[in-house]
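Chain by chain, the residues:
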Amino acid sequence: MSYEKVIEVKGLTKKYKDLVAVNNLDLNVYRGDVFGFLGPNGAGKSTTIRMLLTLIEPTAGDIKIFGLPLKKNRIEILSKIGAIVEKPDFYLYLSAYKNLEILGKVSGADTSNKRLMEILELVGLDKRWKSKVKTFSHGMKQRLGIAQALLHNPELIILDEPTTGLDPMGIKEIRDLIIQLSRDQGKTIFLSSHILREVELIANRMIIINKGEKRIEGEVKNLLNTDKLQVTFEVSDIQKSLELIRNSQWLNDVDSEGKNEIIFNVHKDLIHEINKFFVDNGIEVSSVVPVRSLEEYFLNITKENIE
Amino acid sequence: MSLLVSLELQKIFSKWRTYIGFIAIGVLIPIVQIALVYEGDKLINFATQGLKNSFVFVGDLFNGYLVAHLVQQSLIIHIPFLIVLVGGDILAGEATAGTYRMMMTRPITRFQFITSKFLAGTIYTNLLLLWMMFMGLVVSIIIFGTGELLVLKDKIYIFAADDVLWRFILAFGYSALSMTTVMALSFFFSSLVENAIGPIVASMAVIIIFIIISALPIEALDVIKPYLFTNHMNAWREFMSNPVDLPQIVNSGLILTAHIIGLYLLTLFIFKRKDILS
Chain A
1 MSYEKVIEVK GLTKKYKDLV AVNNLDLNVY RGDVFGFLGP NGAGKSTTIR
51 MLLTLIEPTA GDIKIFGLPL KKNRIEILSK IGAIVEKPDF YLYLSAYKNL
101 EILGKVSGAD TSNKRLMEIL ELVGLDKRWK SKVKTFSHGM KQRLGIAQAL
151 LHNPELIILD EPTTGLDPMG IKEIRDLIIQ LSRDQGKTIF LSSHILREVE
201 LIANRMIIIN KGEKRIEGEV KNLLNTDKLQ VTFEVSDIQK SLELIRNSQW
251 LNDVDSEGKN EIIFNVHKDL IHEINKFFVD NGIEVSSVVP VRSLEEYFLN
301 ITKENIE
Chain B
1 MSLLVSLELQ KIFSKWRTYI GFIAIGVLIP IVQIALVYEG DKLINFATQG
51 LKNSFVFVGD LFNGYLVAHL VQQSLIIHIP FLIVLVGGDI LAGEATAGTY
101 RMMMTRPITR FQFITSKFLA GTIYTNLLLL WMMFMGLVVS IIIFGTGELL
151 VLKDKIYIFA ADDVLWRFIL AFGYSALSMT TVMALSFFFS SLVENAIGPI
201 VASMAVIIIF IIISALPIEA LDVIKPYLFT NHMNAWREFM SNPVDLPQIV
251 NSGLILTAHI IGLYLLTLFI FKRKDILS
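Going down the list, the protein sequences come from chains A and B. Per this note's numbering, the very first residue in the first sequence carries number 1; after that it's consecutive. Per this note's numbering, the very first residue in the second sequence carries number 1; after that it's consecutive.
Hints listed in this document are in silico derivations from the structure and should not be mistaken for laboratory results. Using N, Cα and C, we set each Cβ at its ideal position, and we do this for glycine too. Check the hints yourself; a few may be wrong.
On the chain A side, residues computed to face chain B include the following (Cβ under 7 Å) [to be verified]:
#1 75
#2 78
#3 83
#4 85
#5 93
#6 255
#7 285
#8 288
#9 289
#10 291
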């Protein structure tokens, strides 16, 4: 992975009167990264993306893309970016082909019939090229969104929740496509999502933001593959289990307890030993659910936002 | 810029609403022409009723030029309705559809985006006027032939057949300027909102209110009347006078041009500062 910064954001802030949508955000995306931009709904992801794409003016902060200040080099920078911002919207009264042709021409892309059909085939819409977009499902519009983002062969691809509304097969196809674009074509991808699992599967680096502020940033493997896990054991007899634990070496590892479950904070290698402990003492264990601490953290901030 | 204008025109002419104006003119004018085939002589007799005691009319005053003049006088009042249908949708339509996002993340400036849309709107307006000229003037000449043109204003004017065509061409040219002002007004309103209904209604409301103010015989309003663009939209009628009041036409034309430029610049100013949230 290269250390050339493709996106460099410092102190980015966006305020709407009293509402601070993004607050003093710093982030760096390096060439070749698949960068996961994670946060619950309303965390400020789309606002940040809109600022990266000059759709909205930051209240404060600096954005450099490809090493150039965004505001002064907008045209040059945007010619090398392909993007989907929130849901992909098109001219509904035009065909998929015509939409791509218009957007491609504005981007200075090759809009020959061959190229347009090639890109439509890539996203599985070649058989519907003549259909008006108003007849498309949400998933098909998402695919067309990917197509328009790739049409002019950009160096940086910014995707704002690209799998929203897709069926499981569609989600897998888009994931595979992103991985392929990164691995085979060396594209830098900025992927916004509110699903940790999605980022984990695709990204090499990630940031979590909440309420407009950065919470965590780093390598996905470092952030997610922590050895310490929160493990929930569902047991047949909670009272007997608690009593056994009180007199065992596991007492200090108990995080909390529920109606039929006990939650431990332990190293992943110790899970089978706890399980053996219960079974050896005549306790039936009906399920063991390990959750990584970051996952738990992310679930908590998501829950916090909903509340 | 020419590429962007052509793309904008493709968008405009891919929408059903764009053809409402063309269809309305294409249906209405033939209805008037067919009616006049049967009722034309009655109309001339009615118009010259009070004059026949003092004058002798020779030749055929009922001809294509008279029909074109009647069509122009009656329809030009209603054309703004057809213009704002498209003008009000040019920007607001993109906001409603969410396609601002798609366009403004492309390597084009906001100036290019607004200017290309404004030019496309102007081209649509002028094409509509050309269509009206074709249906009203060319088709009328084909059906009814040419002849002297009788114009009843504060005076009676009868123009020789070879002195009419240039008046029509310039009158339609001036009407194009008037209608471009209407387009610029609806375009401006279109930049403020995210739904096309608002700009359409607001533009028509402004035009109707200004026309009512112009028509009210209240002295206190006389001060503002010269500044209302609607007062200058009908200066094309001056081409149907003898002599033509050129200073009046130039003055009104400049006022309309100033409105068009002002509204365009105001739209550009607002759009350049706009956060695209749709």
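Outcome of the hint check:
Of the supplied interface hints, the one on residue 75(A) holds, with its beta-carbon coming within about 5 Å of a beta-carbon of chain B, less than 7 Å. This hint holds: residue 78(A) has a C-beta 4 Å from the nearest C-beta of chain B, less than the 7 Å allowed. Taken as an interface hint, residue 83(A) checks out: its beta carbon lies about 5 Å from the nearest beta carbon of chain B, inside 7 Å. For residue 85(A), the interface hint holds, the least distance from its beta-carbon to any beta-carbon of chain B being 5 Å, beneath 7 Å.
For residue 93(A), the shortest C-beta to C-beta distance to chain B is roughly 6 Å, which falls under 7 Å, so the interface hint holds. Hint on residue 255(A) is violated. Least Cβ distance to chain B is approximately 43 Å, over the 7 Å limit. Interface restraint check for residue 285(A): the shortest CB-CB distance to chain B comes to about 51 Å, outside 7 Å, so the restraint is violated. The interface hint given for residue 288(A) is broken, as the beta carbon of that residue sits about 46 Å from the closest beta carbon of chain B, more than 7 Å.
With a least beta-carbon distance of about 40 Å to chain B, the hint placing residue 289(A) at the interface is violated under the 7 Å criterion. At a threshold of 7 Å, the smallest CB-CB gap from residue 291(A) to chain B is about 36 Å, leaving the interface hint violated.
In the structure shown, a violation is registered for the earlier hints numbered 6, 7, 8, 9, 10, in ascending order.
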